[in-house]
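Novice: In case you want the letters, here they are:
Protein chains: 2
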Amino acid sequence: MSHSVDQHCINTIRVLAADVVEKAKSGHPGAPMGCAPMAHLLWSRFMKYSPANPKWFGRDRFVLSNGHACALQYVMLHLSGYDVTMDDLKSFRQLDSKTPGHPENFITPGIEVSTGPLGQGLSNAVGLAMAERFFAAKFNTAECPDLVDNYTYVICGDGCLQEGITSEASSLAGHLALGKLIVLYDDNHITIDGPTDITFTENVLARYESYGWHTLVVEDGNNDFESIGKAVEEAKKVTNKPSLIKIRTYIGFGSTKQNSEKVHGAPLGKDEIVNVKKHFGFPEDVSFHVPEEVSNHYKELKITGASLESEWNAKFAKYAEANPQKAAELTRLIKGELPEGWENALPRYSPSDAAKATRQLSEICINKLAQVLPEFLGGSADLAGSNLTDIKGDKDFCKEHYDGRIIRFGVREHAMAAICNGLQAYGGLIPFCATFLNFVGYCAGAVRLSALSHHQVIYVMTHDSIGLGEDGPTHQPIETVPYLRSMPRMYTFRPADGNEVTASYIKAISSRDRPSTLCLTRQPLPNLVGSTVEKALKGAYVLHEGSEKPDATLISTGSEVSLCEEVAKALPNLKIRIISAPCLELFEEQTKEYQESLFVPGSPVISVEAASTFGWHKYAHAPIGIDRFGASAPIKDVYKKLGLTADVIAAKVQAAVNFYNGNAPNLAAHPF
Amino acid sequence: MSHSVDQHCINTIRVLAADVVEKAKSGHPGAPMGCAPMAHLLWSRFMKYSPANPKWFGRDRFVLSNGHACALQYVMLHLSGYDVTMDDLKSFRQLDSKTPGHPENFITPGIEVSTGPLGQGLSNAVGLAMAERFFAAKFNTAECPDLVDNYTYVICGDGCLQEGITSEASSLAGHLALGKLIVLYDDNHITIDGPTDITFTENVLARYESYGWHTLVVEDGNNDFESIGKAVEEAKKVTNKPSLIKIRTYIGFGSTKQNSEKVHGAPLGKDEIVNVKKHFGFPEDVSFHVPEEVSNHYKELKITGASLESEWNAKFAKYAEANPQKAAELTRLIKGELPEGWENALPRYSPSDAAKATRQLSEICINKLAQVLPEFLGGSADLAGSNLTDIKGDKDFCKEHYDGRIIRFGVREHAMAAICNGLQAYGGLIPFCATFLNFVGYCAGAVRLSALSHHQVIYVMTHDSIGLGEDGPTHQPIETVPYLRSMPRMYTFRPADGNEVTASYIKAISSRDRPSTLCLTRQPLPNLVGSTVEKALKGAYVLHEGSEKPDATLISTGSEVSLCEEVAKALPNLKIRIISAPCLELFEEQTKEYQESLFVPGSPVISVEAASTFGWHKYAHAPIGIDRFGASAPIKDVYKKLGLTADVIAAKVQAAVNFYNGNAPNLAAHPF
Ligand SMILES: [Ca+2]
Ligand SMILES: [Ca+2]
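From first to last, the protein sequence lines stand for chains F and D.
So for the first sequence, the working numbering puts the first residue at 3; every next one is plus one.
So for the second sequence, the working numbering puts the first residue at 3; every next one is plus one.
The shape of chain F in the complex, shown without the other chains (with noise of 0.2 Å):
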């Protein structure tokens, strides 16, 4: 009897997926009725979740990576309990709906990271298994050893294991021993351009055995999803591997064009959404339809899960008597509050301090919240030597010590981008990465999902510009920055003293739903005059008014700041006002009182920034800055080479004075 049931709600996602991607007229029907076995198994015999609640701590976490099969998440979402209605699933790839044509954690309750883009949902899924390991590790104790206790399931196809990220990401999987993290690989050997094996013919299963993991096939996940489960039971028994369940499907299965490419990205089709009905022994005439026995049978589900939630808050609640702190500590966590205060660990500088790196300003404030947020921990892609992201006495994220806020990401750029979007999605974290400025290039893909998905991510690059020297070239960032400050929702910070470090900092933490980006010297840079943490947060500031009336003005980020006021000084017959820019998109939220307040109408400006010009000409008359690659050779001779030096900025700025001679154009009044 549970078989027939169980086979009868396996046969209702099949249909009910194929209906609303057929009503959509868009999506792709062939996943969701190939891994509709292994999710119903999933969500009926395994996964912890309260409905009620997507948000509830204890619930285990499930990240559908091959996310252009989200028809099969919603439609168990739906059955479950989830706040996705039928008319929601009516409305699937339409405007504003809850259901668009990839999974959006931001849009849809129960979705826990935005996946599509293929290899993010995997490699997510270590950073949610890696932050479960984490807080078991620092909360629970021997009395309650399982407070926090959660598995990370994974449904996958080989278009994920393709993606270079996922090599990274499970590599670090194996090497971390995530053991409650499993993985159902959807082997379904189609890929959109054909058969996989037009490209795809290494033994996966071979290769994660090599990245340490723990593997297991189902022959038929079609029928036998009685074997899924008992891959499921054992993979859960592995507690000191990771485990792959690679499980033979066929895609768009009960279709009569079922194992082929052409059920992959395209609704069936009248005729064969008929085929696919008669097949499974459903009414040919009716779409969206649930079977009473079906709904029955999850709506105990349902019940089960909001059980399983009184019971984990009775459990913390025993817990908090015995652990007070703790319990208070790790509702703030669960909260997202910051504590009271938080801000007051950042230093503040004055121009009589040394000169330093702002990668070493940053060292300082990285240490300095360290302390005061325990939710706090990142680390580098193997450069935390020229980073300077360690935490001083804290420990490596490693098996032996899951409590450790230093994680050794290894030379895996991409994954750890995707890796800290998953420690953030799971709740509570705070998490940074770090590499070089110039390799955003390799893990631009999870940065953009940082950003997209309001993860709060902070991306400490150092090494920012030309600065760097003698790497040359393959290492100077030129067209890095610009990216950045286009991309919607980060933050892009290129301070310019230990000041703004700080304000840089302040704003990334306090910044909940966002990432942000610091851009950091390799090189010594004086402390400024005139520089002062509040106003470096408004993003943009006049660092030295020189007149109400300056003959021009420099608005300039970073390591060029202190070199404007050399240009400042080599202009003595000329009244120069300096703007420093440590954020352009925190300015542009300041009021237009505000931002006009900077520029005075007729006096030019000039823009001085060790990258690409591009996108400056919104604030500057005439942009300086670097439209060509780099060069491999000592600092000052970079910097020369390429034109960066007071007496040529100075004779440029002379220039500009004379061309527009006082008349330079208002570039602060837009129509709209």
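No wet-lab data here; the hints were simulated from the structure.
Don't take every hint at face value.
Which copy is meant is left open, because identical chains are indistinguishable; a pair holds if it fits in one copy or across any two.
In the BS3-like style, the derived pairs of lysine-lysine whose C-alpha atoms are separated by at most 25 Å in a straight line are [to be verified]:
| id | residue 1 | residue 2 |
| --- | --- | --- |
| 1 | Lys239 | Lys401 |
| 2 | Lys537 | Lys620 |
| 3 | Lys140 | Lys50 |
| 4 | Lys643 | Lys57 |
Small disclaimer: the values here were computed from a predicted structure and weren't measured.
Place chain D with the ligands on chain F using the hints.
Specialist: Structure of chain D with the ligands alone, referenced to chain F:
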């Protein structure tokens, strides 16, 4: 005797590399000292090369994937008689030297590809090895089966092997059975942050075996160089699999600090240099010393190289007699010349031609070009059916058909771009590759190197905006077009119709030393009245003059140009000029007169593009675009949601006209 000469050479390489780094006061001495034995063996016993002609087509290709070890490569080039002098070695990492901080193929003779960003080199090497197979399959004959017959050798460290790009490329190399690719893995157990086992404990050889590689181990790569030689011989014999030889070395071998991260990224220091020289029995107070025995040994190798080239030339002459047409074609390819009149193969359009998506128009161009350019080959990262990149009637590039021109890269975007860099670096080929535009974020690390390293790679990037509709914000690029525009040496095309697509391909194909990205629509676009290929080749041009004194000027790209036509119709009382700007970088190359001729002083310029407005203020007083992430819905609904409709834009144009009142400032006038 031969043994002791080899040892003498190896020790010389070690000491010389240490001196090179020491003199520069910057660089990485450890890996060169550890890799000296394998480098010496490759250069002296295995590799075919002709120092007097670094571009000799018949040469073996060598890639130093751990590019930070380039002191080693420069020393090898110097010793073996390339145009890299002792003075060049002494100018290591200095401005405008021939020996920059990482290898740059466009600077130093004998460097095949720029390396340093980890993983790129090995992935380039997969492309180099694929190119060899392609030429061999296409040109070798039964009588001359070895006209094209070279190996591709790589030295890499564990950093490269941790990168996802390397996993992608290696999986594909195994699938393609690239038996003449031989990778020497410098297994020194050290990364920048310390011992590799802090983060990297996978079984590398088992992983490579899972990819279908042949693997070998050398236990003592410091001293037992004969075993390295035997391993390379073994690797050469296995012709149906790429080979990975794991060679255990000590980083910084010969230094008292050997085998620790302390010798990774900084000069050894004066005292330690003395220790090293003592250890190897070199005079302590002499720097840049090459013993006569060593220099003589390498001189002989130079002579051998010259005769190898002569022999090849003789073979080619004989081949040319028997196969005059093939020989002529190969000669043309090696010279990098395009066949007469190739561009006539591309279609021209008139407004009565059917509306087509620019990806469809691109498909036509790809297929026309493939007919006239045998060197044109490429494919997609598992989206051929969406990117429309298949060369119809051609074969898949695979182990059965290495002369196939359809490359199935798999879901491996980053490796795809790096492999294309390698295909191009081999010489003679024009590779293209494809994915959705948004997934530039997955391959940016390699795309940047196409531009930096002067590789002509054509990126066919479809689904270029919110116009892709239902797939939603995870797939809709916003920041990608600005990113590409801010990247030096990249042409970013966003064509608006058939003629502009043809123009984009003409420019992309004829630009032999830089990459191009074509941003192409999913949705159909009408053929515009006023577009021509010739005008489009200016990068931007007046599509509709409107008036000599327009009230407003709209500048737009791609899918929004026809939208601008609707805007003009919605404003019958205004005289509207429309500028189509398929390639802003190309427009920047035009004369100042031409550039200024498009714009009329006083007339406000409004840009319209379905992407971030970032960067448009250079040309436009008031940019209209999308400064947020997109949305999942049918295309019309998304455009409406984001304010890109004729009526909304018309209202903004009217506002701009009112605001500026004929006095919009002249943006084309610049002080410098
Ligand atoms: Ca698949
Ligand atoms: Ca190493």
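Novice: Work down the list of hints and note, for each, if the structure agrees.
Specialist: Evaluated hints:
1. For the identical chains of this complex, Lys239 and Lys401 are intra-copy neighbours only, at 17 Å inside a copy versus 42 Å across copies, given an alpha-carbon limit of 25 Å.
2. Taking the shortest alpha-carbon separations for Lys537 and Lys620, only the intra-copy value of 21 Å comes in at or below 25 Å, while the best inter-copy value is 28 Å.
3. For a Cα distance limit of 25 Å, the shortest separation of Lys140 from Lys50 inside one copy, 21 Å, qualifies, whereas the shortest one across copies, 59 Å, does not.
4. With identical chains, the CA atoms of Lys643 and Lys57 are never at most 25 Å apart, being 55 Å at best within one copy and 30 Å at best between copies.
Hint 4 from the earlier list is the only one contradicted by this structure; the remaining hints agree with it.
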